[in-house]
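Using the sequences provided together with the hints, build the complete structure.
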Amino acid sequence: MNNLIKLMTKKTFLLLASSSLFLLSACNNSNNDDEVMVTPPPPIIYSYEISVTNLTQAQPMSPIAVMLHNDGDFWQVGTSASTALEKLAESGDNSELLDNNIILVSKSGAGILPAGMSETIMLDIQDNIPAKLSLATMLVNTNDAFTGINALAIENLAVNESISVFTNSYDAGTEKNSELMATIPGPAAGGEGFNNARDDVDFVAMHAGIVSQDDGLMQSVLTQAHRFDNPSLKVTIKRVK
Amino acid sequence: MKTTLLTAALLLAVPTSSAYAQQVEITVTNLTQGLYYTPLLVSAHNSDTALFSLGEMASPELQAMAEGGDISGLSAMLTNANATSVENPAGGLLAPAMSTTTMLDTAEGNNYLSIVAMLLPTNDGFVGLNSWKIPSEVGTYTFTLNAYDAGTEANNEVINGGGAPGVLGIPADPSGKNGTGATGVTMVEDNNKVHIHRGNLGDDDLSGGKSDLVNSVHRWLNPVARVTVKVM
Numbered sequence: 007m008n009n010l011i012k013l014m015t016k017k018t019f020l021l022l023a024s025s026s027l028f029l030l031s032a033c034n035n036s037n038n039d040d041e042v043m044v045t046p047p048p049p050i051i052y053s054y055e056i057s058v059t060n061l062t063q064a065q066p067m068s069p070i071a072v073m074l075h076n077d078g079d080f081w082q083v084g085t086s087a088s089t090a091l092e093k094l095a096e097s098g099d100n101s102e103l104l105d106n107n108i109i110l111v112s113k114s115g116a117g118i119l120p121a122g123m124s125e126t127i128m129l130d131i132q133d134n135i136p137a138k139l140s141l142a143t144m145l146v147n148t149n150d151a152f153t154g155i156n157a158l159a160i161e162n163l164a165v166n167e168s169i170s171v172f173t174n175s176y177d178a179g180t181e182k183n184s185e186l187m188a189t190i191p192g193p194a195a196g197g198e199g200f201n202n203a204r205d206d207v208d209f210v211a212m213h214a215g216i217v218s219q220d221d222g223l224m225q226s227v228l229t230q231a232h233r234f235d236n237p238s239l240k241v242t243i244k245r246v247k
Numbered sequence: 006m007k008t009t010l011l012t013a014a015l016l017l018a019v020p021t022s023s024a025y026a027q028q029v030e031i032t033v034t035n036l037t038q039g040l041y042y043t044p045l046l047v048s049a050h051n052s053d054t055a056l057f058s059l060g061e062m063a064s065p066e067l068q069a070m071a072e073g074g075d076i077s078g079l080s081a082m083l084t085n086a087n088a089t090s091v092e093n094p095a096g097g098l099l100a101p102a103m104s105t106t107t108m109l110d111t112a113e114g115n116n117y118l119s120i121v122a123m124l125l126p127t128n129d130g131f132v133g134l135n136s137w138k139i140p141s142e143v144g145t146y147t148f149t150l151n152a153y154d155a156g157t158e159a160n161n162e163v164i165n166g167g168g169a170p171g172v173l174g175i176p177a178d179p180s181g182k183n184g185t186g187a188t189g190v191t192m193v194e195d196n197n198k199v200h201i202h203r204g205n206l207g208d209d210d211l212s213g214g215k216s217d218l219v220n221s222v223h224r225w226l227n228p229v230a231r232v233t234v235k236v237m
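Residue numbers (my numbering), protein chains in the order written: chain A, 7 to 247; chain B, 6 to 237.
Just so you know, not all the hints are guaranteed correct.
[As the list claims (entries may be wrong)] DEER-style ranges, computed between Cβ atoms:
no., chain 1, residue 1, chain 2, residue 2, range
1, A, Ala164, B, Ala55, 20 to 28 Å
2, B, Leu211, A, Ile131, 57 to 65 Å
3, A, Val165, B, Lys235, 17 to 25 Å
4, A, Ser170, B, Ser221, 55 to 63 Å
5, A, Asp133, B, Ala102, 52 to 60 Å
6, A, Ile50, B, Ala55, 34 to 42 Å
7, A, Met128, B, Glu30, 37 to 45 Å
8, B, Glu61, A, Met128, 15 to 23 Å
9, A, Glu161, B, Ala86, 31 to 39 Å
10, B, Glu92, A, Ser184, 30 to 38 Å
[As the list claims (entries may be wrong)] Just some of the chain A residues that point at chain B, by a computed CB distance under 8 Å:
no., residue
11, Thr59
12, Gln63
13, Ser101
14, Ala203
15, Asp221
16, Ala231
To be clear, the hints were calculated from the coordinates, so they are not data collected in a lab.
Being a predicted model, the structure only gives us computed values, none of them experimental.
Note that beta-carbon positions come from the ideal geometry of N, C-alpha and C, so glycine has one too.
Next comes the structure, spelled out in structure tokens:
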């Protein structure tokens, strides 16, 4: 009987916790208060340390969005970008992406991650080992370039194990790569971020890189310094708990 | 990403103990159409040794290799760390699309492989493999490498023989397809840490312009090398 109550307490604690009446009556009916009053098992915390290094020459990254989830993904090559991804890729605003209902837990980096700099983001999740990790950020001196990790399987990552990933750059396909000052939000231009017009191919693909005024695109506000090649980030995902 | 996972899986399958020597055959292929590698440095070393770290400042030894192809400093560093190294396996420059093969008998504990060479013509570009754990399992392992920028010199793309650390300029273009008389692409390097090279810019003016490099000859996209490691 006591074992049964213990088992029940463990298994159904979350449901029963709100019902003080049940616990109270269980107490009264039991011959062994110690067993019944056993404290619920502490929640199991799974903890991940995500280290990101910006490998570009002069492309600051917008605040890094990190998402733990079990299903789905955040983009597909050849498919139209979601509005949330469009916002991230055109303006660096990750709020809508972080709000996706497939997400179990998510976090935004502290701020802009300049070229050559590294940042560590900690992410905890309770009682639910996540199947996948995704990460996204905008290369801000571009029209709509982004980079990241799309639904990387992490469920078999043991404590103290890590995976390193080098990320490629994608074009959201939602804004023409005019490189005009008015269209690029990064420090190289200070222009507009998101607008809901879609004047490009309207599907996600690998980015071909920027052209720049130094390479003959006279209208471009970008210089040779803003050119980039793959990969653009080094990301190390370590499970610490 | 699949490859990364596969690599991770392979690494996980390997016993952590490294208390035995291994014989490995290493082949490096220059995948570019217009870049030469200066003499390669191929080394098996311990886990505490690294020739470079992404997002960190280059060491003076790495700078000497990346700006002028001088591997003596890195080689001495490796010798001090009891590494097993091969210098210049190609017997000089490794031309576009060419391969070179060398053998390493790794001593106990030296089960991390690193490879570096300067890319010519660049200011401080290099091809690099950074502490790849050599699997203990017999087999053939193939992967590709990227081009890095040491972050120590502005990529002005002017060929003036400048190869010593701190001397601005590109030592030479072994292909001889370069231009001359360029004014220089830039005097600034925004990212002074080791990072992914943004590529040569070049131009189409052989007797002036901003760059002595040629935009239809001296560009590349990653990856720039293929490495095949045979563990015997």
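Hints versus structure:
1. A/Ala164 with B/Ala55: 20 to 28 Å: At 25 Å between Cβs, range holds.
2. B/Leu211 with A/Ile131: 57 to 65 Å: 59 Å, holds
3. A/Val165 with B/Lys235: 17 to 25 Å: 34 Å, violated
4. A/Ser170 with B/Ser221: 55 to 63 Å: 35 Å, violated
5. A/Asp133 with B/Ala102: 52 to 60 Å: 55 Å, holds
6. A/Ile50 with B/Ala55: 34 to 42 Å: 35 Å, holds
7. A/Met128 with B/Glu30: 37 to 45 Å: Holds, since A/Met128 and B/Glu30 (Cβ atoms, about 42 Å apart) stay within the stated range.
8. B/Glu61 with A/Met128: 15 to 23 Å: Hint holds: Cβ distance 22 Å, inside 15 to 23 Å.
9. A/Glu161 with B/Ala86: 31 to 39 Å: Since A/Glu161 and B/Ala86 have Cβ atoms about 37 Å apart, the given range 31 to 39 Å holds.
10. B/Glu92 with A/Ser184: 30 to 38 Å: The hint (30 to 38 Å, Cβ to Cβ) is violated, given that B/Glu92 and A/Ser184 are roughly 49 Å apart.
11. Thr59: Holds, because the Cβ-Cβ distance from A/Thr59 to chain B comes to roughly 4 Å (cut-off 8 Å).
12. Gln63: Constraint on A/Gln63 satisfied, holds at 4 Å.
13. Ser101: This interface hint is violated because 26 Å lies over the 8 Å limit.
14. Ala203: 29 Å, violated
15. Asp221: OK, holds: A/Asp221 within 8 Å of chain B, min 6 Å.
16. Ala231: 5 Å, holds
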